[in-house]
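First residue of the sequence shown? That's 964 in the numbering used here, and the numbers climb one at a time after it.
Any given hint could be a false lead.
Quick list of simulated restraints, FRET-style, between CB atoms [said to hold, decoys possible]: (1) Ala1034 / Ser2063: 33 to 39 angstroms; (2) Gln1263 / Ser1497: 54 to 60 angstroms; (3) Asn2034 / Ile992: 51 to 57 angstroms; (4) Asp1472 / Val1009: 40 to 46 angstroms; (5) Asn1853 / Glu1493: 36 to 42 angstroms; (6) Asn1427 / Lys1252: 37 to 43 angstroms; (7) Lys1941 / Ala1334: 52 to 58 angstroms; (8) Lys1879 / Ala1034: 54 to 60 angstroms; (9) Ala2044 / Gln1514: 56 to 62 angstroms.
Please keep in mind that the hints were generated in silico from the structure rather than gathered at the bench. All C-beta atoms in this analysis are idealised placements derived from N, C-alpha and C, irrespective of residue type, glycine included.
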Amino acid sequence: MASLHHIRTVATYESKTLFRSWFFRIFAILALVFVFFFNLFYQTKVGFPFDDMVALPAKVPFMNLYIINMAQAIIAIFLASDFLKRDKKLDTTEVIYMRSMSNADYVIGKTLGNLYVFLLLNVVALVMVAVFNLISPYSAFRLMPYFYYFFLVSVPTLLFILGLAFLLMSVIRNQALTFILLLGYIAATLFYLQGKFHFLFDYMAYQLPLTWSDFVGFGNLNSLLMQRGIYFFLGVGFICLTILLLKRLNQSKTVNGVVTVIGAGSLIFALVLGFFYVNRVSQFDNHRKEMIALNDQYAQAPVMQMTRCDLDVKHKGNTIAAVADMELKNSTNEPVKEIILTLNPGLSVTNVEGAGYQRDQQLLKIQPQTALAPGDSLQVKVSYAGTIDESLCYLEYDRERLDLITRDDNATIDKRHAFVRNNYVLLTPEVRWYPTPGVNYASKGLGWLHKGFTHFSLTVEPANDSLKVLSQGEKTIGQNGTITFRDKKPLPQISLVMGNYQTRSITVDSIQYSLTYLKGHDRFDEFFKEINDSLAPVIRDLKNTYEAKLQLRYPFRRLELIEVPVQFYSYSHLWTAAREQVQPEMVFLPEGGYMVSGANFALSKRWAERRSKRTNESITERESEENLFRDFVNRALLSKDEGRGFRMRIGGMGRNADDNPNPYFIFPDYYSYVNEINSPKYPIMNRVVESYLVERTSDDRPGFMRNFLGMSSDEKGNMELQDKSFAQVLQDQDDPDIVDNIIQTKGEFLFALMKAAAGEDKFDNVLNSFLEKNRFRETGINDLKNDLASSFNLQLDDYLSSWYNSKELPGYLVNDVEAVKVKDGDRTSTMVTFHLSNTGKEPGVVKFTFRLGGQGRRGRRFGGGGEEETVERIVAIAPHQTKRVGVLLNEEPRMMMTNTFASANIPAVLTQRFEKIELDEKRTPFDGEEVIDYDNGTAPNETIVDNEDPEFKLVQPESSSFLKKIFQAQLMDNEDQKYKGLNFWRPPVEWTLTTNTNFYGKTVRSAYYTKGGTGDREAIWNVPIKDAGYYTVFAYVPKINMRWRGEDKGEYTYTIHHDDGEDHPAVDIKNTDGGWVELGAYYFSPDTAKIELTNKTEASIVYADAVKLVKEK
964 MASLHHIRTV ATYESKTLFR SWFFRIFAIL ALVFVFFFNL FYQTKVGFPF
1014 DDMVALPAKV PFMNLYIINM AQAIIAIFLA SDFLKRDKKL DTTEVIYMRS
1064 MSNADYVIGK TLGNLYVFLL LNVVALVMVA VFNLISPYSA FRLMPYFYYF
1114 FLVSVPTLLF ILGLAFLLMS VIRNQALTFI LLLGYIAATL FYLQGKFHFL
1164 FDYMAYQLPL TWSDFVGFGN LNSLLMQRGI YFFLGVGFIC LTILLLKRLN
1214 QSKTVNGVVT VIGAGSLIFA LVLGFFYVNR VSQFDNHRKE MIALNDQYAQ
1264 APVMQMTRCD LDVKHKGNTI AAVADMELKN STNEPVKEII LTLNPGLSVT
1314 NVEGAGYQRD QQLLKIQPQT ALAPGDSLQV KVSYAGTIDE SLCYLEYDRE
1364 RLDLITRDDN ATIDKRHAFV RNNYVLLTPE VRWYPTPGVN YASKGLGWLH
1414 KGFTHFSLTV EPANDSLKVL SQGEKTIGQN GTITFRDKKP LPQISLVMGN
1464 YQTRSITVDS IQYSLTYLKG HDRFDEFFKE INDSLAPVIR DLKNTYEAKL
1514 QLRYPFRRLE LIEVPVQFYS YSHLWTAARE QVQPEMVFLP EGGYMVSGAN
1564 FALSKRWAER RSKRTNESIT ERESEENLFR DFVNRALLSK DEGRGFRMRI
1614 GGMGRNADDN PNPYFIFPDY YSYVNEINSP KYPIMNRVVE SYLVERTSDD
1664 RPGFMRNFLG MSSDEKGNME LQDKSFAQVL QDQDDPDIVD NIIQTKGEFL
1714 FALMKAAAGE DKFDNVLNSF LEKNRFRETG INDLKNDLAS SFNLQLDDYL
1764 SSWYNSKELP GYLVNDVEAV KVKDGDRTST MVTFHLSNTG KEPGVVKFTF
1814 RLGGQGRRGR RFGGGGEEET VERIVAIAPH QTKRVGVLLN EEPRMMMTNT
1864 FASANIPAVL TQRFEKIELD EKRTPFDGEE VIDYDNGTAP NETIVDNEDP
1914 EFKLVQPESS SFLKKIFQAQ LMDNEDQKYK GLNFWRPPVE WTLTTNTNFY
1964 GKTVRSAYYT KGGTGDREAI WNVPIKDAGY YTVFAYVPKI NMRWRGEDKG
2014 EYTYTIHHDD GEDHPAVDIK NTDGGWVELG AYYFSPDTAK IELTNKTEAS
2064 IVYADAVKLV KEK
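Let's have the full structure, built from the sequences with the hints guiding it.
Shown next as structure tokens:
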């Protein structure tokens, strides 16, 4: 009792001392004020509803505690490490030191005093958050996450950092040095160690996957408890070491022994937890490598066609037991002695009827009694049971890439691919929960790839009657409580979902549309009170509009949107556009619409109301709800890109990509799960058709983000193609993200070539007809070849060989662009003319897109309407050929975009804006193409030196700041990228290579840029002079619109060395239109003309691009 009294006395004294500390008071007041205004702005109508907290109620306490935890982890260092210094300097604890108490009483009391103060602050903050949460019109209230996050986030963090601070102060006994070490440790964990070994070093839980789901709770509770347990027991161990190291008489040997045992036990247990935590990840990775190696052995094995599969599944708590009754057909030309199937390795095979078998990890080898002859079928019944091993999924992703995606794509949400729990089940084909023919991945090439179509039936016995069962096909309920699904059409795959669901349905034009959500997750109702009567025509209009673009019709009788746990996640496969969130007849949306574009109806409605007030537009409540619904469907389901733009993400800032594929894009239900074009010689052909069809529904738009990134993903792919053929890229798969973009650009290029030869509309009509008549069955590429040959006399083989195997790329020059108004009969049209040259060794094709309407129709109306009108022209061009192209338009164009597809051009998409277009009554209208003399972009009397040429060089001092180098290397996402992004707000101090459509260049439009400075950095062009004489000197000065900053001001001062000395002509950049600017005429002798440009200017940015010398006659 005396010991408890001593501990309480010390704790009380310590807490009072901290409460009286102005440092703590200021921190506490600032923390509570921040929490108050943060929640006032994001949880009430004073501000705007925050996406995360609207979608996931558990995010409300998490986000608040998350921010407080980061701050208090740092503040606690200062207060905790002050305890010995304060005690000695002020003698504030002399009365305690003199008392008969153990060191354990003293240190434990100090620890509890500190913990009490900080945890009390956490409790007060959480109570404030809960009050806001309860009265919030946007966020639902969930009580348990408040307790979960308090004990998982705050307690281990504080105990660890207090223990570490106490221990270091006891050992070092120097407060300043302790501060430096602890702050260095925090910086290391935040910037370097945080994501290592699956967040082992993340003591603050900064990026730990702690998101809680109403469906399944935490995604991986065992890993969370292990990681937080490490820091809890480390904290206990450090506190025990502090007790043993305290410079004071021990008072009690017994207590000392107990402390030693507890301390050593805690540290050992923390290390054991750390070992098992890391070992789990290591075992996961090793298992994946073993499965890949096994797949590679059987990648070339003949693949059977599964014509029928009847599944009988029983759900038993956290496991399933199933029987798969299959018919396997030999569609090859050779007898087959062993049939390879893939089944999740967590599912144990208990029996196989109809043949012998061997099980080797994920592979099930079926061994018929006699070899299966070509065309014959085998009836096999496989019984299996167990759990799902998610290590089988997405084998093409190595650990480095998985960790990168985890960091970039919101690390605080665990990424799960399947769920089998007593109250919830979610199984998709990626986990191979039923046997499938062949292997699921091989590391070299795509020869293993096979899809096929199967007649499925599924009978399910759920664990309890409260679970609603969902799958593909017509649903019937048996007398014994089993549910059966059967589809008349063969499908490539099926899924299984069971949960405590509610469903709402509506039938429009014989298609049943359903929304299935977790009971109680119906907060969307308040935004759609008036739309019920008009919902059917809105759905019909959305469907018809999308299908008019895609030129394909929806093939199923059902479409069901199903809410699933927020942790469900899929990665993309390079061989298909489909993600696991979209299945035949189904789309899996994360709970609450978390991070789904357009799903924050509260925010969308607020913005719509503000927009209506600003424009004085009056709309009815029904029209407002229709707009909300249209906006959600267009953005969430009918857009290939997510389109969320920049958004704050707790645990990561998200990928700064120029495009982010939308995993809920409905397109796979129109093609990926409906058609299959098989080609052993060109196994990527089906994916290429996918990419072409997807692009039908998207618009070519200026790459706003690419300017900030330096290169788009397509351009990175084109650079890869400069050294490898398409076939080699697919074989190596060095960077799957780049490979995916290569597939897209190569696919667009191939189809553009064929459309240029056949005619755009005619080609699409034939392709659409081919796809329509071959739905729900596998077709060979020869069938497509025959249709194209009979319709257009177009021989697909003439294109495929060089397209697939050549290492050469076309390169394009677009020069002499001019837009004028001309008299075209009785009407006035706008004529755009230009010269197009192909500088490469391969045939090329370019798509020109004209955006019409002058300054009108920019962007789109809320709800998805108001798209701008465009006109497209595809031009095919031979190697080393120049064409004059003319296009007559009914309206003034605002912009011309040039898409060069797979080419040597950077940027790959060039833009040309048109300002005021004048009438020229003397010009003859011209609409078409004509071949003219080849033009390589340089006149005979011109000499041009570009920044890409060897005659160009830079002079700049090296950065001497070590810390600056470290943090620049850490923060730059594209450190190894040749072309960096343009940063208008904070231009780099050093010369940096970047690209932009407004720069000079033949195929590569690039320039160096730097921040305006004092003249310590210099660009030098050494222009070769063959003949003596006078030359007019030009400098290419780009004009780049710096959005939100206005025009740059200042002068560029050039230094020109010539025979008569040197001159220093200046260019006022504000008064230039961009392009070639004349600097003067000078006499040069045969040798080299030296032209210099420094960064000495008042302008914010200096561009070093190209210079041109034109010999005077």
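Verification of the supplied hints:
The hint said 33 to 39 angstroms for the Cβ distance between Ala1034 and Ser2063, and at roughly 35 angstroms that hint holds. About 56 angstroms separates the C-beta atoms of Gln1263 and Ser1497, a value consistent with the hinted range of 54 to 60 angstroms. Take Asn2034 and Ile992: their Cβ atoms lie about 54 angstroms apart, and the range 51 to 57 angstroms holds. Between Asp1472 and Val1009 the beta carbon distance is about 44 angstroms. The supplied range of 40 to 46 angstroms therefore holds.
A hinted range of 36 to 42 angstroms for the beta carbons of Asn1853 and Glu1493 is consistent with their spacing of about 40 angstroms. Against the hinted window of 37 to 43 angstroms, the Cβ-Cβ separation of Asn1427 and Lys1252 comes to about 39 angstroms, which satisfies the hint. About 55 angstroms separates the C-beta atoms of Lys1941 and Ala1334, a value consistent with the hinted range of 52 to 58 angstroms. Distance hint check: the CB atoms of Lys1879 and Ala1034 are about 55 angstroms apart, consistent with the given range 54 to 60 angstroms.
The hinted range of 56 to 62 angstroms is satisfied by Ala2044 and Gln1514, whose Cβ atoms lie roughly 58 angstroms apart.
Violated hints for the displayed structure: none, as all numbered hints are satisfied.
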